[in-house]
Every structure is written in structure tokens, then in C-alpha cells.
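As given, the protein sequences belong to chains A and B, one line each in that order. 1 is the number of the first residue of the first sequence in the numbering used here; add one for each residue after it. 269 is the number of the first residue of the second sequence in the numbering used here; add one for each residue after it.
Keep in mind that the hints were calculated from the coordinates and are not lab data. Treat the hints loosely; a few may be bogus.
Simulated pairs of lysine-lysine, DSS-like, Cα-Cα distance not exceeding 25 Å [claimed, not checked]: (1) B/410 / A/177; (2) B/400 / B/434; (3) B/410 / B/432; (4) B/410 / B/400; (5) B/304 / B/500; (6) A/60 / B/410.
Quick look at which bits of chain A chain B covers, simulated, 3 or more residues with Cβ under 8 Å [claimed, not checked]: (7) 159 to 165; (8) 231 to 241.
Since the structure is predicted, the reported quantities are computational estimates derived from the model, not experimental observations. Glycine included, each C-beta is placed from N, C-alpha and C at the ideal position.
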Amino acid sequence: MLNDITLGQYFPGSSPIHRMDPRAKLILTIVYIVAVFLVKSFVGYAISLAFLYMVVRLAKIPFSYVIKGIKPLRFIILFTFVLNLFFLTGEKVLLTIGPFRLTQEALFNAVYFSLRLVFLVMGTSVLTLTTSPVQLTDALERILHPLQRFHFPAHELAMMMTIALRFIPTLLDETDKIQKAQMARGADFESGNLIQRARAMIPLLVPLFVSSFRRANDLAMAMEARCYRGGDHRTRLRELRYTRLDAVAALVMAVYVALIVLEGHFFG
Amino acid sequence: MEEQRMDENRIVATNVTFHYPDEEHNAVDQVSMRVKRGEFLAILGHNGSGKSTLAKLFNALYVPDSGTVVVCGMDTVDDELVFDIRQNAGMVFQNPDNQIVATIVEEDVAFGLENNGVPPAEIRTRIDEALKIVNMSEYAQKAPHMLSGGQKQRVAIAGILAMKPKVIILDEATAMLDPSGREEVMNTVHRLNREEGISIVIITHYMSEAATADYLVVMDHGKIHMTGTPRKVFADVENVRGLGLDVPPMTSLAHELRQAGIDLRPDVLTVEEMVEEVCRLSSKN
Numbered sequence: 001m002l003n004d005i006t007l008g009q010y011f012p013g014s015s016p017i018h019r020m021d022p023r024a025k026l027i028l029t030i031v032y033i034v035a036v037f038l039v040k041s042f043v044g045y046a047i048s049l050a051f052l053y054m055v056v057r058l059a060k061i062p063f064s065y066v067i068k069g070i071k072p073l074r075f076i077i078l079f080t081f082v083l084n085l086f087f088l089t090g091e092k093v094l095l096t097i098g099p100f101r102l103t104q105e106a107l108f109n110a111v112y113f114s115l116r117l118v119f120l121v122m123g124t125s126v127l128t129l130t131t132s133p134v135q136l137t138d139a140l141e142r143i144l145h146p147l148q149r150f151h152f153p154a155h156e157l158a159m160m161m162t163i164a165l166r167f168i169p170t171l172l173d174e175t176d177k178i179q180k181a182q183m184a185r186g187a188d189f190e191s192g193n194l195i196q197r198a199r200a201m202i203p204l205l206v207p208l209f210v211s212s213f214r215r216a217n218d219l220a221m222a223m224e225a226r227c228y229r230g231g232d233h234r235t236r237l238r239e240l241r242y243t244r245l246d247a248v249a250a251l252v253m254a255v256y257v258a259l260i261v262l263e264g265h266f267f268g
Numbered sequence: 269m270e271e272q273r274m275d276e277n278r279i280v281a282t283n284v285t286f287h288y289p290d291e292e293h294n295a296v297d298q299v300s301m302r303v304k305r306g307e308f309l310a311i312l313g314h315n316g317s318g319k320s321t322l323a324k325l326f327n328a329l330y331v332p333d334s335g336t337v338v339v340c341g342m343d344t345v346d347d348e349l350v351f352d353i354r355q356n357a358g359m360v361f362q363n364p365d366n367q368i369v370a371t372i373v374e375e376d377v378a379f380g381l382e383n384n385g386v387p388p389a390e391i392r393t394r395i396d397e398a399l400k401i402v403n404m405s406e407y408a409q410k411a412p413h414m415l416s417g418g419q420k421q422r423v424a425i426a427g428i429l430a431m432k433p434k435v436i437i438l439d440e441a442t443a444m445l446d447p448s449g450r451e452e453v454m455n456t457v458h459r460l461n462r463e464e465g466i467s468i469v470i471i472t473h474y475m476s477e478a479a480t481a482d483y484l485v486v487m488d489h490g491k492i493h494m495t496g497t498p499r500k501v502f503a504d505v506e507n508v509r510g511l512g513l514d515v516p517p518m519t520s521l522a523h524e525l526r527q528a529g530i531d532l533r534p535d536v537l538t539v540e541e542m543v544e545e546v547c548r549l550s551s552k553n
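Chain A on its own, in the form it takes in the complex:
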């Protein structure tokens, strides 16, 4: 049951987007996020949608996957929408319900805000769908590397993420095993109210914690035995190299940003 959990939402492939340097993807995603905040009109969102659609097609992932990424956030989006709808004031009153007045400006604003969230989520989905967690960790380590001069623990952070990713399946397996062992002794994880069910988790969590600490201890010993000494002077098996692909991607992104800026100028 627990074995078929996939890590992240990586959608393997060999499209140009997949083959881009993960650092470039990460940086361009951040640029995209900033650009989305600059959008001022529906024209801008239309441009964004076209851009996103093009990228998704290039990445050869079904567009429905990108849409699916919004699903977990639907309540937050709805909440933002409603909040903006009623707490912004404006001139043109469209509707009055009790003490609340719905204005045209508020309606537009609410729609803009929600769309902004939708586009942010969809854009970042493209990153996580086309980049494996390992590549992401690698990219993060190397992008943050210059900050190490200011004692920012870039290598340690990346190492922690790698180890976490490595141990998630192991710990899931173990949870499964403990759960079965406790169920064999009559533990009940499924019935009762929320508090009772939370309490039923204790015999599951305690052994899991104890064993995690033992694993951490073992792993530290094993890493030391294999000459681990932190991030200094460390080399990597896989080197990251920017290619023409990344330059082209950067150019396309620049065109998109330029369009958005122009749009803000003419329609804002």
C-alpha cells in the first residue's frame, strides 16, 4: 500500500524542458513568478496562459497534470477570492448584502488575485513535473553555494534534503510494518473520533521515532567511515552545465517578461 507512493510529482521524460539545466529552470521559474506579479490586465493573463501552454506542450506533459496541481489549493484560492470580494472598497456598487457592499473594483481585484495564485501554482508545477527531486536539490545547492561565504549552510541544506528523500520510502515501509504489528496485537487505527484516532497513533509514532534516531546514528557513522567531512573540497559525480537550450529558454522567458511589462504599460 505504502510502496506505490511516488516522490514529488516528477513526470519523467526527455523533452527540451526536461533536459534544461535544473539551475536554469529554478531561476527562470523565479523570474516567471515575479512576472506574474506584474500582470495588470486580462490581456496579461491571456499572454501568460499562452506562454504556459506552450511550455507545457514543449515539456510533453498532459496539461491536465498542471491543472491537477491547483486542486489541493482550491480552498485557499476560493478564500482569497471571497476575502478580496468583500473587503475592498470601490466606486461602482454592484450588489449590497447586509453590511457588505460588492463593488466592481473589488470583483476585478478578486479575480486578478485568484488568477495570480492559479498561474503561480501552474508555473511552479511545470518545474516540479519536469525536474526530479535529486536535480532540484543539486540545483539548490549550487545556486546557494556563493552564500556559503556568509556562513549560509548551502551544502548541509542540500545534504539534509537528499537524506530526507532517501529515507522517506524506508520510513514509510517501517511505518507499514509497525502498523501491521500493532494491528496484529489488536490496535485500532480506523474507528473513533479524531482525538481517539490521534491517540491511536502514539504506539505507531513512538517506535518510529526511536528507530529513526538509531538510523540517524548508524548513518552518521557510515558517512564518517566513507570520509564525509562536510561540503568543503567536495566534488560531484554529476556536473551541471548550461547549454544552448538554457540560453534559448532564457531568451523566451525574456520575451515573455517584456510582453508582460508592455502589457502593464498599455493596459494597466
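Following the hints, put chain B in place on chain A, whose structure we already have.
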């Protein structure tokens, strides 16, 4: 003369004593032993006999309270040499899950090399070689949690092999494996010993594994209790059993047959030898 002796001995422990802070007795007490070049040595002992502690002393994970451990000519007390020592004396641990660091097999094999600052191109060739030697090439891109216990241990061995060690220490590396996994690992280790000339130290409580070693060291209460070839050590059935250890099944059978008055050799180790002995007896009668 001195240099030649250093070259012959991979690990030399002299009067080594080690003590855990919150324990009454010394975990390792006045132990002197050596591991020769190309030797396959097994350290035996029941739980708490100090055998695992001894293994960690060989890898500079622990430093002796008194006495010295010299690995390939380097004293483990010297902080500057710690990483050279660990590269020369690799260690495989008991739990296959708790010693794999990376999320992809080949990246895990690369871990030690990355730590030592080996250039990427060389890492590539070395991990390909190492995975080939342990017959895990086809799993290079797999996630470690998809592998069996025996395969994980072979990956761990590959990770050490890639560092080109002179000694590999296996600290109960087969204890958590099923019989087929155990066989995989033991076959791999024997092959490395035979073909690559790497000295092997196995810490084990499986007598059948110990029986395949060149030399045995039996530990009890932190001290060396017996040493010798497996044939010699196991022939002393009463003594070995007195330490809470077993002897290989055929040795045990031979012992009982001898007590029943049948004149077998006392140092029978394997089924083949037993067959030979029984044939010898029946042809005599």
C-alpha cells in the same frame, strides 16, 4: 626490512584498549593482532565481546585509549591521516538501509569519492568499475529502496571498492540478510579477496562464514581468547562452545561421532570433508 614488514601488514593492532565512557569494563582489552596483505580474517565472538568495537578501531572511527592501531603504515591517532586511513580501510555495516546515503545507486557509490574530491570524470569510471565487480551494473540508476538486502550490501561494498581500499572490514554485514543475500555477499567478498587481492576482515557470528576464512580471531570479554586457522580453532569444540559460540554443523557432527567412539578426524569443517572421512572409515572396515 622495516619497510617490507609494513607492506606485508595491512593492519597492526598493538596492546589496544578501548573503553566506552559510561561502561565499567573495557570494550577492548589489551588486544594485539594483525591483518596481513591479501588475508581473509574472521573475528568471532558473542554479543558484547568487543568485536564490533575492534572493527571501528580499525577504521579510525574510534581511537584507542592506549596502544596503537596502524593501518597501512598510518597510526589512527594522527588526525591528519584519518581520511587516508578510512579510504584504505573501508567498512561495511550491519544494517543495509542505514548506510546508503543517496537516492540513486550510482550516486551512493560515488559518495566516498565525492567526499575525497576526486574529479567527476574519474568518479564516473571508478563507479562503473566498482558496480561491475559486484555485479550491480544494471541497477546503477535504481533507487536503493527497491533493492533486496543482499543487493544493498553489494552496493555498499561497491561504494567502498570505488575508493580502492586495501582492506575491507565487514561488521556483521550479513546479519540482517536472508540466506541467499548472505551467500551473495560472501561470494562477492571472497572474489574480491581472491581476484583483487584486497584483505578482508569479517566480523560475524555465523560459523559457516568464519569457516571460510584463512585465519580466525575469537574474542571474549574484550580479549582475544583463541586464534588460528578455522580447522584448528573449531577442532577445540568444547572450548568454542564454552564461549557461547557454535561450531560448524559438520564439526559438531564429527565431535559427537567421536564421542560415540567412531574414529573421525576432529577438524572436519565441510560436508565434503565429512564424506571423505566416512569413506575412509568404511574402506578401512
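Pair hint residue 400 of chain B and residue 434 of chain B, alpha-carbon separation not exceeding 25 Å
18 Å, holds
Please verify whether residue 60 of chain A and residue 410 of chain B have alpha carbons no more than 25 Å apart.
24 Å, holds
Given the hint that residue 304 of chain B pairs with residue 500 of chain B, test it: the Cα-Cα distance must not exceed 25 Å.
19 Å, holds
Distance restraint between residue 410 of chain B and residue 400 of chain B, which requires alpha-carbon spacing of 25 Å or less
With a Cα-Cα distance of about 15 Å, the restraint between residue 410 of chain B and residue 400 of chain B holds, given a limit of 25 Å.
Report holds or violated for chain B covering the segment 159 to 165 of chain A, Cβ cut-off 8 Å, minimum 3 residues.
holds (count 3)
Measure nothing beyond the straight line between the CA atoms of residue 410 of chain B and residue 432 of chain B; if it is 25 Å or shorter, mark the hint as holding.
23 Å, holds
Would the pair residue 410 of chain B and residue 177 of chain A pass a check requiring their Cα atoms to be no farther apart than 25 Å?
23 Å, holds
Can the segment 231 to 241 of chain A be counted as covered by chain B under the rule of three residues or more with Cβ-Cβ separation shorter than 8 Å?
With 7 residues close enough to chain B, the hint holds.
Hint check: no violations occur; every hint is consistent with the structure.
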